[in-house]
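Using the sequences plus the hints, can you model the full thing?
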Amino acid sequence: MGDTLEMCFEKPKISLDKECSLEMLEVSHVEKVKFEDIGFSLALQDGLENLRRENSLTDVTLCVDGREFSCHRAVLAAASNYFRAMFCNNLREKYEEKIVLKGIDAEAMNILLEYTYTSKMVITNQNVQKVLEASSLFQFLHIVDACSSFLTKALQPENCVGILRLADTHALHSLIKLVQNYIIQNFTQVLNYEEILELPADLLCSMLKSDDLYVTEEEQVFETVMNWVRYKESERFPLLPQMLENVRLPLLDPWYFVENVEADELIRQCPDVFPLLQETRMYHLSGNEIRERTKPRMHEFQSEAFMIIGGCTKDEKFVAEVTCLDPLRRSRLEVAKLPTTKQEMENESKKWVEFACITLKNEVYISGGKETKHDVWKYNASINKWIQIEYLNTGRWRHKMAVLGGKVYTIGGFDGIQRISSMEMYDPFLNTWSEAAPLMTSVSSFAAATYKNNLYVIGGGPNGKLATNKTQCYDPATNTWSLKAAMPVEAKCINAASFRDHIYVVG
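Reading the sequence shown from the start, the letters are residues 442 to 948 in the numbering used here.
Heads up, some of the hints might be wrong.
Stated by the list, open to error - Between beta-carbon pairs, the in silico distance windows are:
1) Asn701 to Lys650: 17 to 23 Å
2) Asn701 to Arg770: 30 to 36 Å
3) Gly857 to Gln661: 47 to 53 Å
4) Asp756 to Met723: 43 to 49 Å
5) Tyr634 to Asp942: 42 to 48 Å
Everything labelled a hint here was simulated from the structure, so no lab data went into it. Note that the structure is a prediction, hence the values are computed from the model and not measured. Glycine included, every Cβ here is placed at the ideal spot set by N, Cα and C.
Given below as structure tokens:
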């Protein structure tokens, strides 16, 4: 700075002629400097805080819960959209020297003003709720975020419901989502606290319907709903159907369903829930209808998976492994190998080939096979074991299995001499096979699917050389078969699946 001053004093008086003016313009252009004092804003804030403490130049007094706070309108308007709207529009408060603010805690107001003038504050377990309420009202958004972060880190089973209700009251959507995820992941612990019964219906429903809700059994969800309704029965009874829609009633144990759901007095008084009860009864009978309420909760130990069971390699070597693929986690699961029969122990050539399989209530059934034609086993995922059940009356392979009305059907196939028309029905409760009406046409290597309480057998081979295009339909209500529309082509070694209102045949 001294050099600059010295240079200025040594220069002769500036002439106003054109040449000299141009020279000075060039010098000014070269010596232009952009100056920014990053500390000045802090000094300005310190100065404003000192003015507030000295009660200098203040032009408004906030009266909160018996305490008075002298402030500067310009500072409040710059810090808060609430006060900006109050002081910058033609409102009564714009001209008043004292403004009374009701429903606000005085200490919380003091913390907000400290933050406004210093950018600093202290959040504690004792003041966080009142500070959050005040900052939400006055639209101090950075303080709202700070309080939300504090509460998220403080989440515990005993306080999470209260925090959720607080977040809901102030429409803090990001905090609501975080707390709901915490409750979903820790639901069995949160159930120990009665505060969950205070939740509004919409918040509780949004968590109960989650696939990720962590419960050890669906009975816990049902009991939560019933306890919630009974907590304010006269007010909440009309909401019972809406709440029960979020309970996966078909996943309840059948005995529990009969004794605790169907027999419940509140449920018996509410006709609107009867369709849900009927859906559950049908699932307990058939076991294979997949809907939103029949899907298991996707907590840590459960997910849907694909199973590839047995078969042969190109060089006709038996494959004993069962491959289980979890598409959700993109992983392969360890599954027990196919069971070893007594025959296989004596002769390694007797293996599981050309058998049939089906699923019922999360268990996999396999039956028959060229070397195991009378055997029937089921796989229980909870213990990872194959369990042998009652033998088939008629041994077979190249057949199919199907589930209808809670029963397992074994249909047609080949007995080593001829194609057979025999169909057997398995009752899981009695562990017995019984004869059902035989096929109209004996076939093997056909396709089978169930649709709307009927069983369809499509195509197949009536002998070793020919194939058929017939569609045979079984009605379990009358135990009879009938013919339906034939396929456009004759085919065997095919498979079928029903989806929505169609049956698809491939192969």
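Hint check results:
no.	hint	result
1	Asn701 to Lys650: 17 to 23 Å	21 Å, holds
2	Asn701 to Arg770: 30 to 36 Å	34 Å, holds
3	Gly857 to Gln661: 47 to 53 Å	52 Å, holds
4	Asp756 to Met723: 43 to 49 Å	46 Å, holds
5	Tyr634 to Asp942: 42 to 48 Å	47 Å, holds
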